[in-house]
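Keeping their order, the protein sequence lines are chains P and R. No gaps in the numbering here: position 230 of the first sequence is 375 in the numbering used here, and each next residue is one more. No gaps in the numbering here: position 182 of the second sequence is 190 in the numbering used here, and each next residue is one more.
Hints are not guaranteed to be accurate.
In silico DSSO-like links for lysine-lysine, alpha-carbon gap of 27 angstroms or less [what the hints assert, rightly or not]:
1) P:Lys-193 x P:Lys-349
2) P:Lys-320 x R:Lys-294
3) R:Lys-249 x P:Lys-422
Chain P stretches covered by chain R per the calculated footprint, using a threshold of three residues with CB under 8 angstroms from any CB of chain R [stated by the list, open to error]:
4) 207 to 217
5) 409 to 420
Note that these hints are calculated values from the structure, not bench results. A quick note: this is a predicted structure, and the numbers were derived from the prediction, not measured. Beta carbons: idealized from backbone N, C-alpha and C, even for Gly.
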Amino acid sequence: MKYSLAFITLVMSSLLIGSVGDVFEVEKKAVLVDVSISDMLFSLGEPKPAHYIDSVSLEMIQRGNELIHFGRTIAPNGKNTKHISKFYKCISCHNTVKEDPNLAEVNPERRLDYAREMDIPFLQGSTFYGIVNRETWYNDDYVVKYGGLVEKAKNSLEGSIQLCAEVCSQGRTLKQWEIESILAYFWTLDLKKSDLNWTAEDEKKMTNTSDDERLLHIKKKFLAKSPATFGELPESKSEGYKGLEGNPVNGKIIYELGCQHCHREKGESDVVLDDSKATLNWLKRNITANGDLSIYEIIRKGTYAAEGHKEYMPHYTLEKMSDQQIEDLRSYIESAI
Amino acid sequence: MKEHLKTRRLRIAGIAVFCCIATLTKAQDAKGELEGKTFYDTRIVNGQSVETNNEGVMKFIIAHRFGPVNGGGYELYGLDQSTIRLGFDYGISDNVSIGIGRSSNEKTGDVFFKARLLRQRTNGGTPISLTWFSGIAARGLKFVDDGRENKFEHRLAYTHQVLIARKWNERLSTQLMPSFLHRNLVLDTSQKNDIISIGAAARYVASKRFTFSLEYYHALPDMLSDPFENSLALGIDWETKGHVFQFHFGNSLGMTEKFFIGENTGSWADGDVRFGFNITRDFKIKGRKSR
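Based on the sequences and whatever the hints tell you, model everything.
Structure representation (structure tokens):
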């Protein structure tokens with residue numbers, strides 16, 4: 146018996162020790178030599194926003210990076226922080242790279258093409274890339290629907306980060322140093338001149354014009370907010386959105402880069418959406434269902450966190466997935482079986 | 009009653025096998041994509057599947073086994089009698105789980121450790137999934153005073169299993185479970201302390217939410233003596249968001265390895281079959297390292 150107990154204890158303790166200590170892998174990126182849009186704007190007299198940080202250290206950026214990608218970091222006191230959320234990481238819903246080919250327009254179709262080209266997820270949340278260059282965060286229908294809940298976040302990036310941690314990710318309240326670390330990391334995702342499809346014509350407009358005109362011109366090259374419009378269900382689920390015909394090729398991309406981002410093995414969701422016939426049949430059967438098993442309802446309405454089951458799915462706004470794209474997804478589900 | 013004879017060689021062999029498997033695991037290349045779930049849940053019917061909990065997830069399992077259906081209408085076909093096991097499994101990492109449980113059957117407590125050593129991959133990668141399982145069961149019933157010096161270790165039974173599974177296609181998965189059961193104390197001299205058994209299991213995916221499952225444990229010849237029988241169970245799994253419901257018929261009353269491998273008295277031939285179910289609920293206790 147002693148030997149058996151010793152054996153079990155040895156095996157268990159060796160594996161326990163091996164898995165308790167967290168090792169963070171820090172994303173290493175080549176530093177792109179490019180002109181920061183914020184620096185361009187500040188040099189033309191644009192006031193620094195409330196979320197600007199004067200003093201940024203590499204440690205802060207590292208911590209911010211880890212909080213965004215891994216949900217925790219090593220605090221200044223040397224101890225591991227708690228996870229921000231048991232359910233999600235920030236990157237469950239947000240990219241950290243450019244996701245629109247043209248930053249001056251909202252076009253989910255072009256965004257999907259770009260996602261396919263760059264192999265990046267097609268998500269509900271706006272990318273963190275360029276988030277410091279925006280002026281408002283929870284916009285339009287988020288304000289209409291959630292009112293006071295987003296009041297502090299609407300005009301404050303700090304407030305938005307905190308709201309996202311506490312409510313959107315069903316997590317904990319961030320400490321001030323954590324918010325500052327995230328901001329420090331966000332400032333490394335500041336838009337660059339090369340992101341704005343800068344042309345010789347633009348360059349010409351930057352000479353022999355006033356600072357105000359230059360400011361205006363630069364600002365026209367990207368959106369100062371991510372518009373958010375909540376879509377409606379089709380009048381008839383069996384007929385789908387009127388006048389729209391789905392493209393299964395695009396639908397497959399949405400399934401892979403959108404749905405399967407979270408609905409994967411050991412993913413954020415318990416519901417695994419693999420490529421099996423059983424899964425696609427199940428999705429097809431429920432297209433016209435009432436409730437969140439229907440792709441129309443889950444995409445347009447999402448689900449809510451409930452006591453005992455706080456995981457939920459945020460919906461896609463019209464800007465993040467168009468009605469046409471939902472029909473594309475439906476077309477893929479129906480044609481893939 | 010026969011006292012336990014320490015089988016040191018077997019244990020050393022067990023450690024050696026474990027070390028070999030661990031070495032093999034390290035040597036695996038990462039060819040192909042990881043294959044999806046081989047089984048819906050961490051249990052097939054009574055026994056373990058190759059699946060492990062996700063990191064930070066605690067699984068609460070309520071399992072019932074009722075009386076034999078051949079008890080007739082008077083016993084409501086077994087539903088008047090019930091045995092329960094309550095258990096908690098926890099994922100230390102995505103590949104390592106521990107668990108604890110308590111059965112009303114012989115007031116048995118159990119703990120276990122489970123490590124996923126190989127994971128099947130697609131496109132010519134690792135062809136199987138392989139999980140190591142070790143568990144200890146402790147009988148809680150009071151000793152009958154028969155003049156023997158009763159020690160705590162007399163209550164204990166150990167099980168080691170290598171679970172080897174393959175998902176053949178999106179509908180069919182199979183599993184082999186070579187198992188070694190050691191009981192420190194057995195009922196009488198006709199019983200062996202050590203039992204080697206080979207288990208086999210299969211699942212067939214009927215739809216996204218429903219699968220059929222089969223589980224059989226066959227002890228090697230002369231390992232089981234009367235009145236004990238091999239264990240066979242058939243079941244259906246129903247997966248919902250956050251829950252898995254497993255309904256099944258089988259000839260085993262016990263829900264820990266000690267019982268269904270070595271001390272199962274039910275016989276299918278005599279209609280000594282019981283209805284049972286497992287209900288599992290996952291709770292996320294802490295965040296995970298990976299997204």
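Results of checking the hints against the structure:
1. P:Lys-193 x P:Lys-349: 26 angstroms, holds
2. P:Lys-320 x R:Lys-294: Status holds; Cα separation ~19 angstroms.
3. R:Lys-249 x P:Lys-422: 19 angstroms, holds
4. 207 to 217: With 4 residues close enough to chain R, the hint holds.
5. 409 to 420: holds (count 7)
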